[in-house]
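Heads up: the sequence lines are chains W and D, in that order. For the first sequence, my numbering assigns the number 112 to the last residue and increments by one with no breaks. For the second sequence, my numbering assigns the number 110 to the last residue and increments by one with no breaks.
Just so you know, these hints were derived from the structure itself, not from any lab. Fair warning: this is a prediction, and the values are worked out from it, not measured in the lab. Don't take each hint at face value.
As the list claims (entries may be wrong) - Straight-line Cα separation of at most 27 Å, DSS-like style, residue types lysine-lysine; simulated pairs: (1) W/Lys37 - D/Lys14; (2) W/Lys58 - D/Lys9; (3) W/Lys71 - D/Lys57; (4) D/Lys57 - W/Lys37; (5) D/Lys9 - W/Lys37; (6) W/Lys57 - D/Lys9; (7) D/Lys9 - W/Lys42.
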Amino acid sequence: GENVEQHPSTLSVQEGDSAVIKCTYSDSASNYFPWYKQELGKRPQLIIDIRSNVGEKKDQRIAVTLNKTAKHFSLHITETQPEDSAVYFCAAPFSGNTPLVFGKGTRLSVIA
Amino acid sequence: NAGVTQTPKFRILKIGQSMTLQCAQDMNHNYMYWYRQDPGMGLKLIYYSVGAGITDKGEVPNGYNVSRSTTEDFPLRLELAAPSQTSVYFCASSQTTEAFFGQGTRLTVV
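Please put together the full structure from these sequences, using the hints given.
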């Protein structure tokens with residue numbers, strides 16, 4: 001099965017700065033890499049995902065990059081805002097295309 | 001659509017008791033999953049199902065059982081509750097890629 005490592009475990013940034021969270025995965029056959037955001041006491045929700053046939057995907061202030069050769073992918077948040085404060089999880093498929101194995105999470109704090 | 005619905009939201013169990021966590025989805029998804037999330041930690045896959053009648057173990061299946069008799073329902077059974085099973089349990093479903101999560105069940109074993 002897949003093994004997903006995520007760094008850093010905590011990240012504090014000033015409002016307006018950028019934040020980058022990195023993940024590595026072990027199964028070279030994995031082809032789908034989502035990022036989930038979990039606010040305190042809430043359920044995880046998908047914020048962006050990428051498939052292995054593209055190297056980068058953007059959605060407003062959020063972007064994900066993928067390096068299949070190195071087996072790592074990253075989440076980039078630009079112009080951070082206080083509402084970006086949450087725990088972010090990367091994931092990769094456990095077996096085939098589903099289900100997902102999650103990284104341990106990154107607690108992002110955006111300081112106003 | 002209600003999405004993924006979990007019951008109960010909270011439960012306290014005594015050591016050795018058993019219970020079933022219920023999960024239902026109304027999106028006609030084939031895939032359903034159970035995760036547990038320990039305090040300050042990530043999500044660990046317990047069991048998953050790719051369709052009615054098919055279940056498989058995830059990363060941490062010991063102490064749990066599941067069944068999938070219908071597309072909609074995927075209950076998780078704890079037979080002999082132990083303090084190590086204190087956690088928040090999330091059920092999720094998907095059809096292709098995006099997983100939709102239920103609101104979670106907070107279980108405490110004392």
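Going down the list of hints, with the structure as the test:
1. W/Lys37 - D/Lys14: Judged against 27 Å, a Cα distance of about 33 Å means the pair is violated.
2. W/Lys58 - D/Lys9: Given that 27 Å is the threshold and the Cα spacing comes to 35 Å, the pair is violated.
3. W/Lys71 - D/Lys57: holds, 25 Å
4. D/Lys57 - W/Lys37: Answer holds: D/Lys57 to W/Lys37 is near 25 Å, not above 27 Å.
5. D/Lys9 - W/Lys37: Given that 27 Å is the threshold and the Cα spacing comes to 21 Å, the pair holds.
6. W/Lys57 - D/Lys9: violated, 36 Å
7. D/Lys9 - W/Lys42: holds, 12 Å
Going down the numbered hints, you'll see the structure goes against 1, 2 and 6, while the others check out.
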